[in-house]
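S.K.: The primary structure of each chain is shown beneath.
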Amino acid sequence: AQSVSQHNHHVILSEAASLELGCNYSYGGTVNLFWYVQYPGQHLQLLLKYFSGDPLVKGIKGFEAEFIKSKFSFNLRKPSVQWSDTAEYFCAVNSGGGADGLTFGKGTHLIIQP
Amino acid sequence: GAVVSQHPSRVICKSGTSVKIECRSLDFQATTMFWYRQFPKQSLMLMATSNEGSKATYEQGVEKDKFLINHASLTLSTLTVTSAHPEDSSFYICSARPWDRGRSDTIYFGEGSWLTVV
Numbered sequence: 001a002q003s004v005s006q007h008n009h010h011v012i013l014s015e016a017a018s019l020e021l022g023c024n025y026s027y028g029g030t031v032n033l034f035w036y037v038q039y040p041g042q043h044l045q046l047l048l049k050y051f052s053g054d055p056l057v058k059g060i061k062g063f064e065a066e067f068i069k070s071k072f073s074f075n076l077r078k079p080s081v082q083w084s085d086t087a088e089y090f091c092a093v094n095s096g097g098g099a100d101g102l103t104f105g106k107g108t109h110l111i112i113q114p
Numbered sequence: 001g002a003v004v005s006q007h008p009s010r011v012i013c014k015s016g017t018s019v020k021i022e023c024r025s026l027d028f029q030a031t032t033m034f035w036y037r038q039f040p041k042q043s044l045m046l047m048a049t050s051n052e053g054s055k056a057t058y059e060q061g062v063e064k065d066k067f068l069i070n071h072a073s074l075t076l077s078t079l080t081v082t083s084a085h086p087e088d089s090s091f092y093i094c095s096a097r098p099w100d101r102g103r104s105d106t107i108y109f110g111e112g113s114w115l116t117v118v
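As they're listed, the protein sequences go chains A and B.
Residues in the first sequence are numbered from 1 upward in steps of one, following this note's numbering.
Residues in the second sequence are numbered from 1 upward in steps of one, following this note's numbering.
Source of the hints: derived by calculation from the structure; they are not laboratory data.
A couple of the hints might just be wrong.
Stated by the list, open to error - Simulated restraints on C-beta separations:
{"id": "1", "chain 1": "A", "residue 1": "Arg77", "chain 2": "B", "residue 2": "Ile12", "range": "20 to 30 Å"}
{"id": "2", "chain 1": "A", "residue 1": "Ala17", "chain 2": "B", "residue 2": "Thr116", "range": "34 to 44 Å"}
{"id": "3", "chain 1": "A", "residue 1": "Pro55", "chain 2": "B", "residue 2": "Lys14", "range": "30 to 40 Å"}
{"id": "4", "chain 1": "B", "residue 1": "Val118", "chain 2": "A", "residue 2": "Lys61", "range": "33 to 43 Å"}
Remember, predicted model here, so these are calculated numbers, not experimental data.
Where is the CB? At the ideal position from N, CA and C, for every residue including glycine.
Model the full assembly from the supplied sequences, consistent with the hints where possible.
M.R.: So this is what it looks like as structure tokens:
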């Protein structure tokens, strides 16, 4: 069975600070990795995804994530956060061809202070 | 972009009654839809995978007779919570995968539905 661990449940940063949110997964086979964001009152939106190829993935809104297979990690990064990045961030995985439902981490609540 | 819509967004029902939540893909056809449940301050938990024209596949621990899922068309899946109890109160989220090969590796989420059982 798959599992996803997000290390930070709450993160508070000031605007322009750099961000890194940790995500580790547990699964022995091929995985697809995702980061989703949920802004207050809105539905989940895909930030970025990794299926194969270049382990450094660039997503929307200046976010990127790096897949490190040896560490079973897929950390999310942004060099300079904005107040509008305040949201809940979820790391998720599914296996193989990507047809399966997602296994989510517990989420990280990010608050950006102006 | 792709849109998945859920209805109702909020519903309150009495204990013992049944309530239906709809999930529609508005601009694509979805052979597969997924239903998740999210408790406050917790992660989304996959409840079941719904395939158009066939029976849903339920995750371990999810009662299929309590959470009835129907996927009668390529744009609509419904979740019916039968004989609801207060412990069924939760946030239910659906997602849909386009059958279009160009977008089939992306899953789109609905806005979620808050269910409160009183």
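S.K.: Run every hint past the structure and note whether it holds.
M.R.: Hints versus structure:
For the hinted restraint 20 to 30 Å between Arg77 (chain A) and Ile12 (chain B), the CB-CB distance of approximately 41 Å leaves it violated. For the hinted restraint 34 to 44 Å between Ala17 (chain A) and Thr116 (chain B), the CB-CB distance of approximately 38 Å keeps it satisfied. In this structure the hint that Pro55 (chain A) and Lys14 (chain B) lie 30 to 40 Å apart at CB is violated, the actual value being about 52 Å. Look at Val118 (chain B) against Lys61 (chain A): about 39 Å separates their beta carbons, and that is inside 33 to 43 Å.
Figure legend: structure checked against the earlier numbered hints; hints not met, in rising order: 1 and 3.
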